[in-house]
Structures are given as C-alpha cells and as structure tokens.
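2 protein chains.
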Amino acid sequence: MSLKKMLNPQSIAIVGANSRKGSVGYDLFKNILNSEYKGEVFPVNIKRSKVQGVKAYKNVVDLEQKVDLAIIAIPAFKVFEVVKNCAKKGIKNIIVISAGFSEIGKEGVDLSNEILEFIKKHDIRIIGPNCLGFLRPSINLNASFATQNAKEGSVAFISQSGAFCTAMLDWSRKNNVGFSNFISIGSMLDVGFYDLLKYLKDDKETKSILIYMESLTEAKKFIEIAKEVSLKKPIFVLKVGKSVEGASAAKSHTGSLTGNDEVFDVAFERAGIVRLETMNDLYNIAKLISMQGVFNNDKLVIITNAGGPGVITTDALINKHGKLAKISKNSIDKLNKVLPNSWSHGNPIDIIGDASPERYKKTVEICLQDKNIDSILILLTPQSMTKPDVVAEELLKVYFKHKNKLLLVSFLGGDDVLKGREIFEKENIPTFNTPELAINAFINIIKYNNLKRDIGKSSTPNKINFKKNFKKNVLILEKVKSEKRKSLTEKEAKLFLNNYEIFSAEHKVVNSKKEAEITATEIGFPVVMKISSPDILHKVDAGGVVVGVKNKKEAGEVFENIIKSVKKYNKNAKIEGVLIEKMVNKKFELLIGCMRDEIFGHVVVFGAGGTYVEILNDTAMELLPLNNFSADKIIKKTKIYQLLKGYRGQDGVDIQKLKEVLIKFSELLTDFPEIKELDINPYSIDKNGGVVLDAKILI
Amino acid sequence: MSLKKMLNPQSIAIVGANSRKGSVGYDLFKNILNSEYKGEVFPVNIKRSKVQGVKAYKNVVDLEQKVDLAIIAIPAFKVFEVVKNCAKKGIKNIIVISAGFSEIGKEGVDLSNEILEFIKKHDIRIIGPNCLGFLRPSINLNASFATQNAKEGSVAFISQSGAFCTAMLDWSRKNNVGFSNFISIGSMLDVGFYDLLKYLKDDKETKSILIYMESLTEAKKFIEIAKEVSLKKPIFVLKVGKSVEGASAAKSHTGSLTGNDEVFDVAFERAGIVRLETMNDLYNIAKLISMQGVFNNDKLVIITNAGGPGVITTDALINKHGKLAKISKNSIDKLNKVLPNSWSHGNPIDIIGDASPERYKKTVEICLQDKNIDSILILLTPQSMTKPDVVAEELLKVYFKHKNKLLLVSFLGGDDVLKGREIFEKENIPTFNTPELAINAFINIIKYNNLKRDIGKSSTPNKINFKKNFKKNVLILEKVKSEKRKSLTEKEAKLFLNNYEIFSAEHKVVNSKKEAEITATEIGFPVVMKISSPDILHKVDAGGVVVGVKNKKEAGEVFENIIKSVKKYNKNAKIEGVLIEKMVNKKFELLIGCMRDEIFGHVVVFGAGGTYVEILNDTAMELLPLNNFSADKIIKKTKIYQLLKGYRGQDGVDIQKLKEVLIKFSELLTDFPEIKELDINPYSIDKNGGVVLDAKILI
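The listed protein sequences derive, respectively, from chains G and S.
When we follow the working numbering, the leftmost residue of the first sequence carries the number 21, and every step to the right adds one.
When we follow the working numbering, the leftmost residue of the second sequence carries the number 21, and every step to the right adds one.
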C-alpha cells in the first residue's frame, strides 16, 4: 500500500493525547493544534472526555467519522489493542511513537511479530515504533512530538534515530534548510527505507533524499528501488557503524543486524547512493541541496582575498578527486586589467588582501562569463577594507543574472562576517564555516552525478558464451550433503568450478605409491602432491602438501610420506588418496572469492592472492551478479590491475578472459545460493591464461 | 638576538602612521592609542607634524628617546632607507608591514637581499615584510593593523598568511579562545619559524603553539628547536600544499620552495609536531588547548541521550586509532541503579532520549569517580524534556570537584542548544559543533603525547660496529667526478656500498667471451649477465641484461649478444665489459633508497622492492640519520614488515641485521652529502641475509 495517505492525511487520531504538559501525548496533540494544519485532528484518551479543551474519544472505534492516520503514544503493552481497534475502524495508517518493542529483548520482539502478522492481514501500514513521528511543512503538519516546526523545502530527511531528528530540526531552522518530508522511522517494524524510497521516488515536492541510517532491512529491494530513485533524484546516506566498536554500539542500540560495513560501500555505489562520511557532511549537503538543488557543474574556480585559504581549498578539492577549472585566456586578460599585478594569475584567483567589494564583483563578473567555469567558491577573510556585507550584496547582484552557474561561499571568521553570510543565505546561496566543508558538499554532488551515469550498467545481462553443467554440480552438492559434510574436498571443489569452465591445472587423485609414480610421470614433472581428505581442511598443517616433486622416485616417496604425516596428524581422517597436480608457476597469483553478508547476501571478492593477500589487502568487492561492466570495475579497483594490464612493457594478462572467469564465478554463486564461502586462492594467471591452483568451498 | 624586546617593547615608533582613515598606517597607530598599552608610542611621518592629534616625527633619528621597536608601513621602495635610519638610531627590532618584496619577483628579491645583508651587519631583527604585525594581549599591545583585539590566553599563534590571521582573530573572539602571542610572520625575510619557536620555548605565557604554515626555511634548525619545544609544550601545525596543485598555488603565493609534502609528515613526526588536517581542526584544537591546556587523559567515555550520535562518535574515535574506556564493573552496577533498563550497558553510555538533567548529572558523577575513565564527552540532542542549559549548569557543578578529569561537550542542534553551549564555554569547557570535531581535537592531543614519548629516540648515536672504508669511496667519487660523470656504474655503485659493508652477490666484470665462460663457471651457475658501461643507464632497454644463464656455452654466447645489442643501441657507448653475477633468488625484494628533498635534505625511503614497488607504494620515509630506533620505525611502517618478521609460521628475515643495513646506508649518505640519489632496488633478502642485486647512484 502506498504511503500517500500516511504522509498526506486528511484526518488524524492521536491516541494517548492528553493535557499533561511535557508528556509526549501532550506535545503531539499541541503541535497539530498549534499548526495551521487544514485537516481534522481527534484526541483519543481512555480516561478523559476533553483534552486541551477539545472533545476526546475513549477509543478510535468511537470516532464519528473516517480517519486516515492514527498516531499512538501509549505504553507498549497497550499498543496492540489499539492497533486492533484501528483495524475495526478501518484506519490503515498508524504511527507508533511508543518505545518498548524489539529493543527491550525477546518479549518485545514477540509483541512486534504479533502486531506485524496482524497488520499484514489487515493491510495496515505502521511507521515506528520508537519514533518521533513526521513533519510535512507543505501541509503545515507537525505529526511529531518535536516542539519545533521544520521549514518547507525540497529535501526529504529520513532518520533511524529520533534523537538525531530533533538536533537536525533545530540545526536546520538556524541554517535555513527546508524539508518536503521529515520522517523519524524508528525501529522499522513495518515501514522501512525501501517503502519510503518507493514513495518519495514520485513525490513531486521531494528533489533529494537524505538518510541517517543505522541498519538496513529488505536490502535487495532497497538497492533496486534506490537505483530507480537515483536516476531521478540523489540519495545521500550517513550510515553509522563503520568501526567494529561502532557497529557493536549500533547493534545494542537498534537490536538489529549491522552487516559488514564495507559491503554497504559497494551496495550504495551500485544503487547510485552517495555515502557521507561525517555529521558535518550531512549538515552541509543538506544546506547545499536545500538551497541550490542538484547541479551538473563541476568546473570550479576559487576566488579569495587570502592566499593561504586558497591553497587549503585547493588541497581539499584535489584530495577528494575534484579538479580546478582552467580559466580561459580571455578571462585571464580581463582579470589582468582589473586586478593588482600581484594577483595569482591562475586558479585559485587570489585577488589580494586589500580587495574591495568592487574588486570581488569585477572578478566574479568575469568568471560568470567564462565558459570554462560553471562553479564559483568565494572565500573571504575580514580585512579592514573588506566590508563582507557589501561584498555579499554586490555579488548577489551580478550572480542573479547567471543562474545556471553555481555560487558557494565561505566567509572565514566570526562576528565580522556574520552579516555577510546571512545576506547570502537569505537568497539561498549556501555559506560554509570553512572552505573544506564547502568542497566536501560540492564533491558529494559530483559523486552523485558520476554514480548516476553508471546506474544500471551492472544490471544488463552477461553476454558471454560458455557451457555450464549445472546438473553435475547439483550432484556434487547432493553427495556432500548426504555425507553430512560442510565442505567440498579440493578435488570436488575443482570439479565444481570446472563444470562452469573455470579450469584447474591437470590433476588426478591416486591411491598407491605405484599409481603415484605412474600418474606423476604422465602429468609431467615437476608436480605438486596434496592429501585428499574431507576431514583435512588445513592440508599444510597436516603435512599434506609437497611442492616441486621432481621425478618418479620422489613421487612415490612423497606419496608415502604424505599418508604417514596425515595419519599422524589425525588418525581418524578418511583418506581418499593423494592429489597429484601439474606444478604451475604463472606470473600472478589472484584471489577470486566470495563471502555471504548477513544483509546483502553473496559478495564477490577479487584481488591479489597468495601469501600477500592478507597483508596487502589489495582486494575489491562487488555484489552479485557480475556482468562485463561490474567485472571490469572490480578488477580496476585493485592495485594489481596495474600489473595485470601490462606494466612498463612487461606482459600482463588477457583482461577480457579474466572478466569472463569472474562472470562465470558469479553465475555459479547465483545458481547455488547454498554456497557459504567459495575461495579460489591462488588463481594463477599469465598472458597464456589462468588456472585454479587451490579452491575451498563451504556450504 | 632574542625576540624578547621585539615582542615586549617599552616604546614603539610607527613609521607611516597617519590620519587617513582606512589606511594601514592609520589603523596601526589607532590600535595602539586605543589599547591600554603601558609603553610609549611615537608616530613617524615625513609630511606631518601631527598624526591623530599626537606630535609626529619626520624621521626615526629625530626621536628624542630610545625606541625598542619600529613598525614600518610605507611603500616598499622606501623601506630600506628607514631601516638604515633605524640602525643609526639604535633600533634593533623592526616589523615591516609593507608588501612588495620577494613576492613581486627579481626586483623585490634583490631589495630583500640588500636589506638582509644590512641588518645582519647591524644586529637588527625584522619580522615581515608583507605581514599584519602582532598582538600581545597580556601587555595590551595590538601592534597590527587588525582592528580587533585578541583575548588573553596561553596559545601562541603564528601564521604565514596575514589574511588568515584576521579570520582567526575574528573567530577566536566569538569562540572564547585566548592567545599569549598572535604573530603574522609574513614573508620571513629574517625572523622565521625557527626564531619564534626558540623564543616561545621559554615564554612563560605560552603553553602551546599553533602554526599556520605555507613554506619552511632553516628546516633542520626548525626541526631541532621543535624537538626541544615539544618536550615542554605542544606544537600543532596546519601545513598547506598537500596536493601538487595546492603546492603550486602556495609557491605562486609565497614565492618560496614548498618541498615534498610527504617529507613534512616524517619531519614533523620526528620533531614531535602534530600535523593538523583541516581548518576545522585548527579552530578546534585552538579551542581545546586554550580552554583545557594539554592533558594526558585518554580513557574516554561517551555519554549521550541519542544512540545514533553515540555510534557516530565511536566510529570517529576508532577511525583515529582512539580507544573507548572500559567502564568498571562497579560503575556499571551504579549506572544500572540510576538509568532506565534500556540504557546501553556499555560505552558509549546511551542514557536514552528522555534523559533529564538529573540523569545526565548522576551518570557523569559515576563516571567522574571511575578510575578507568579520565575523559568524558557529553553529547546532547534537544528533546522536549532535555533542558540543555540546565544540563550544562548541573554538569559544571559536579565537574568542578574533579578537575583532573577532562570534560568535552557536543550539544547538537541550533538555537535550542546555544545557551547550554555558552554556559560551558564561559567556564572554559570546550564545546564542538559535531562530536567528530571533538574527537579530532581530543585525538590530536593524544597524538602529541605519543610523539613526545619518542622525541630524541631518533637522535641517540648508532651503536652498531662495522668497518667502513671512507677513503676508498672518496676515491670512487673523485674518479667519477674527474670523468665528469653524474652517475656511478653498477660495479662502482656496488663497490661503494660494499665499502660500508652493504654487500652484493658475487660478481666480476669480464671483457671477452673466453673470460665470461671462465668467470661464470667459477661463480657457479645460474648467473646474471649485465652490460657495464657508464653511458648506459637503462640496461634492460639496451638489451644489456640476461638472467638465468645456465652453462658455460651460454655464458659465452650471452657475452657476445650483450655487446652486440648495446653497440646497436648506442654505438658511442664506452663499454667496460659485462658484469657476471651469481643469480640470487631470495624470498623478498626490498627497496632501500634515498632522495634529496629541497627543504629537508636526504630522506631515506624503505619498502617493498622489485616491480611491485611503484604499484603497491608500500614504502616509508625517514629523515637522516637513522639509528636503531628510527630504522626500526621505518621498517615497521611498511606492510611488507608483516612478512619480513615471519608470517604464519613462514620464515621471515633477521630484522636486526636489516636495521643495521639501514644504519650503514644512513651513515653512507651522511658521509657523502654530494649523493643526489642512491637506490638499492632490489635488495634481495631471506632468513640467511640479504644482498644488493642492483644499485644506482647519482651525484
């Protein structure tokens, strides 16, 4: 069911409304009464016939007319009863403000589940519990117990933390930031980020979406809808719990799964979502998108009356992979005429400490006319001749003739620059306390534009041709399951991969010294010999691996030694034999692996393999499925790609072939969701192709 | 000469003082007149007999009495004349406000040099030119043309950007930050960072030093004095020009060398200096040290009425390598009694959204008594029941009984929390706009404490015994110089290293096919063969390297092929023969190199070697000289150290031996400062020791 009625109600019942100042039920009702909300609002209170001077009802079923939304602010244990009454009354939208559900442990979780089951049956939607409510400034509705109103605007803000909502609200009023929807989403018993994105996608008032996130449910649906939304409007997310300690605090706070934080990075990237780094970033992107909306401008010029801050700003821009606009020759000539000789003659444009408002104005005018420039960041430090407020007024005059150019401002200082800042903000030109914060916000928009360009490219079907043998793999897994094993033997794992045309070096399992000698000779020396046993996971520790076996005699001896070592290591191990494999020594060792994330499911991991893998940590991640685009992306994200593509005239590998291996790998994982872990490490590769040298599969 | 008189003058002459409002000479004189400066001030103006109602002098020599300081604010071309007059009058301290020197090009540089030469002779010190002047609040002296005064305090601020000074001043007044010295240092014709640190080291008013830096002169002296200062008081530096683009802007701005920015990192580290990352960090560390001084507290607890911001703060702390304090069992028991059941039961302490001032107070009281906790960060979001100002007042009451504990505050929001913030700041408890900014400032103090612990450890003399043959190396370099070469041949380079006991694999240069066959056989196969020619720098490109030569016959053939290839590549190349070397294939390839930085001189670079070196960028830097401590540090900074020390039961290398190689390398560089570049790459090493496989030396 759409959330349209929920967020645009004509009539509201406040269950738990009361006349006790300072209580949530008081504030909730008061807020609506005090606002100029055009709909109707009814207090419901089991004990009172009047609340704040208005006739009250004992029960929602007593209401004489239809109600679109019920807001419930009574103790948790009484909530279910009210929900049932809402169902009777035909109320389909409910906000549960009350805390005391999943976050208090088993009892609360049970209650939540009961309610959830009930509302699914009755086609009711619930926001909350444990939330602040929501604000919809455009219809003058403050359906929350936050005592302040939000300013009307185009940003939709969704927060999983009610407490953070009030801070954001308070901050936004001081900073002239306006909202289309301001929603405290609480514990997400029913309505979650997915539902809200789905609604906001087509909400005409909403031009951009800002999310404060602690955990995520319905992850795959969320990513899919986010892709659709991102094509139309940007989504910025501050997702907390990056550190293990933070994640653990978040888990204790919300009582929900937090997943592997790194996976959020790749998931967001795929969905076109820009991940914010700090609370400051959240504030400042809110300011930027509220005042200027989304833009495509990225050719930035910095104009400053202070050289040093110009340098700092340049550092910040470059550090975030931004670029300085190249001022046209024509503009340089013009600037030479209006600026003192000692101006910087480049970008940043240092117009020198004694710059007057007039000099600022002339410089900005020239930049506004330069086609090489579409964004201007004004820096100002308060010198005695500066007059920050006059600068602001003069710049506004020239700027308004060129609305397609972006203007950002950072006036540095305290009281001396306050008025100048205010003059800008009144006209929706965002100002930032430091230029670095301006750059961060600016770059976040550029990030959005870049991500948007690639949305969907990861989703087009793969176009490679290969013969997969699904059924054979089904049989392998059935055998493993029937033997109650959790892991495949190396031979099984290699066969499993082979059935999807991910090939290994030539190998065979032998069962006697004699057979070892013959097989090794057939394969050709040198060979590697490894124990084959479902009970031995760490073959090296068990003395079960010998590399570089050079001749027939040695092969026989090694066979006997391996069997002896392994028996000593684990006398009960079921030994299937010794695997003899062609010894391969190709140029590069790669890791092709996957893990299963508790939130996003299978994640592919690719990168440098072998011993170095853990130390260098040169790996990248991608969500399933991989296609040519995302396989390319995951390869290019690693440092070893520089070598793989051929470095300084040295041979690399066939990148297209490697991509195909990754795509087959991805398909294998998609076809067999029961795989918990699949690691090919190393995958040995050179210009002539690659082979699996070792593989581990857990189910 | 000490700067004591300069910064504590009894009498001041203002050359260029005038009555024209808005001019620098007007503001300078007015500022001193308006302050309650106890000393005397005399206007000097060539055209006026009165300035701002005060009797003026035509020339400093006309002054009837002794003057400690002259401040000059007249056009650049007239400055030298005044300086000469100051010398006549016996004025030893001068501030040149005027711009128009080194930053305008050759003419200005020449003028600067003349003045510098003159003042050296006359024992005069100059701050500036192109500066704002300085402020000394404790003696009510505003000797600058900044129209605002600074608040008195314990922070010394030195800025290379005058424009940034005014922003900082304005900001500091609004944020209650006080200064002992506030100095605009300008173009550093004479007085530089070194001189000021030397003075501030023993300045009793100064408890900490904050620097805004664009470039550095007298780098080695600066580092040495900074070490001494850091032992007594912290130095925090915002050094700009991290990016190439930023450095280039800084260069154009200051007209001075900017050096390799990464080298600043290691130089600062060695000096105990904490490098700041952003302007926000500069503001916030100023606030923290101004209000709380330096502390040793690092056991931080986070107390919050909002779970989410608690998580964000935890993330920020862990990301910066901080730690959460472990709350004692006893405190947990006490907290259980005063907090609602749903509190977080750990650190961060989430006291839940409905927290009253009383609940905040009780929680803080318990934490103040916990020996496991010595720092408290209070977070607050404005809920309807919160009363931020009451929280502030209540917390101050309990806090003042426990002054040895640190209290930091971040009240989130806008107007609702403004008063609460002000109440804290009035009592010198620093508040921060976001908790991440609080964490950054906190961590910067911890960084200082950690750096301080290691100051000097890099300076104790090396204690290794080895036989170096200095004279033989002198001869090698003399030969190279006499032949007008800029580079050593590989054989020379290896000998050069060998003379300092940095050994190579066995090798010999041969001059005929026959000799090649004999020598290769003597050395033992396989061998590597390389062209030996002073004219061939890129041996591989010239077809001058063959590896894996397996037998006598091959050795002879390879000799002929190499000579042929090289002659084809460069028919004029002087060929000394072919170097035959034992082929070594040890487990690890390292890079041991050095570069000469334009500011700090020789810098040692150590890390992973071979092909991967450029791609993985797993290298670390250290200044010369290396001793056991710094050699250890440079090794441990690399990722490959994890492998070198022995990883997962695999053999590593003898780290102590490797350190000794680095120390010898360092000594070699110290003994031969004419070396411009010395790269050993690869240095091949395993558990049995290491050898130089290739070496390049440029002089």
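Please note that the accuracy of each hint is not assured.
[Stated by the list, open to error] Straight line, CA to CA, 20 Å or less: simulated EDC-like cross-link-like pairs of lysine to aspartate or glutamate:
1. G:Lys340 <-> S:Glu378
2. S:Lys41 <-> G:Asp374
3. S:Lys194 <-> G:Glu694
4. S:Lys559 <-> G:Glu447
5. S:Lys41 <-> G:Asp671
6. G:Lys346 <-> S:Glu535
7. S:Lys446 <-> G:Asp435
8. S:Lys354 <-> S:Glu385
9. S:Lys511 <-> S:Asp474
10. G:Lys491 <-> G:Glu535
11. G:Lys716 <-> G:Glu694
12. S:Lys340 <-> S:Asp409
13. S:Lys340 <-> G:Glu265
14. G:Lys41 <-> S:Asp671
15. S:Lys607 <-> G:Glu447
16. G:Lys559 <-> S:Asp394
17. G:Lys319 <-> S:Glu265
18. G:Lys446 <-> S:Asp435
19. G:Lys340 <-> S:Glu694
20. S:Lys340 <-> G:Glu378
21. G:Lys340 <-> S:Glu385
22. S:Lys491 <-> S:Asp691
23. G:Lys439 <-> S:Asp435
24. G:Lys421 <-> G:Glu447
25. G:Lys425 <-> G:Glu445
26. G:Lys171 <-> S:Glu297
[Unchecked claim] Covered stretches of chain S, going by a simulated chain G footprint (3 or more residues, C-beta under 8 Å):
27. 55-66
28. 309-318
29. 565-572
30. 578-585
No wet-lab data here; the hints were simulated from the structure.
Built from N, CA and C at the ideal position, the CB exists for glycine as well.
Problem - G:Lys319 paired with S:Glu265 [C-alpha distance capped at 20 Å] - result: holds (15 Å)
Problem - Satisfaction of hint between G:Glu694 and G:Lys716, Cα-Cα up to 20 Å - result: Measuring from Cα to Cα gives roughly 14 Å; hence the hint holds.
Handout entry: Restraint check for S:Lys194 with G:Glu694, where alpha carbons must lie at most 20 Å apart
Key = violated (61 Å)
Problem - Given hint S:Glu535 paired with G:Lys346 - CA-CA distance at most 20 Å - result: violated (61 Å)
Problem - Given pair status - S:Asp474, S:Lys511, alpha carbons within 20 Å - result: violated (39 Å)
Exercise for the section: Three residues minimum, CB to CB under 8 Å: does the region 578-585 of chain S make the cut for coverage by chain G? Let me know. Expected result: The restraint on the region 578-585 of chain S is violated, since only 0 of its residues have a Cβ under 8 Å from chain G and three are required.
Exercise for the section: With a cut-off of 20 Å on the C-alpha distance, tell me whether G:Lys340 and S:Glu378 pass. Expected result: violated (44 Å)
Exercise for the section: Mind checking the alpha carbons of G:Lys41 and S:Asp671 for me, to see if they're no more than 20 Å apart? Expected result: Not satisfied, since the Cα-Cα distance of roughly 72 Å exceeds 20 Å.
Handout entry: 20 Å limit on alpha-carbon distance, applied to hinted pair S:Lys340 and G:Glu265
Key = Cα-Cα ~13 Å, so holds.
Practice task
Would you check the hint for G:Lys446 and S:Asp435, treating anything up to 20 Å between C-alpha atoms as holding?
Solution key: With a Cα-Cα distance of about 17 Å, the restraint between G:Lys446 and S:Asp435 holds, given a limit of 20 Å.
Handout entry: Restraint check for G:Lys421 with G:Glu447, where alpha carbons must lie at most 20 Å apart
Key = holds (14 Å)
Practice task
Take the C-alpha atoms of G:Lys340 and S:Glu385, compute the straight-line distance between them, and say whether it is at most 20 Å.
Solution key: violated (43 Å)
The structure is inconsistent with the numbered hints 1, 3, 4, 5, 6, 9, 10, 12, 14, 15, 16, 19, 20, 21, 26, 27, 28, 29, 30, although it conforms to all the rest.
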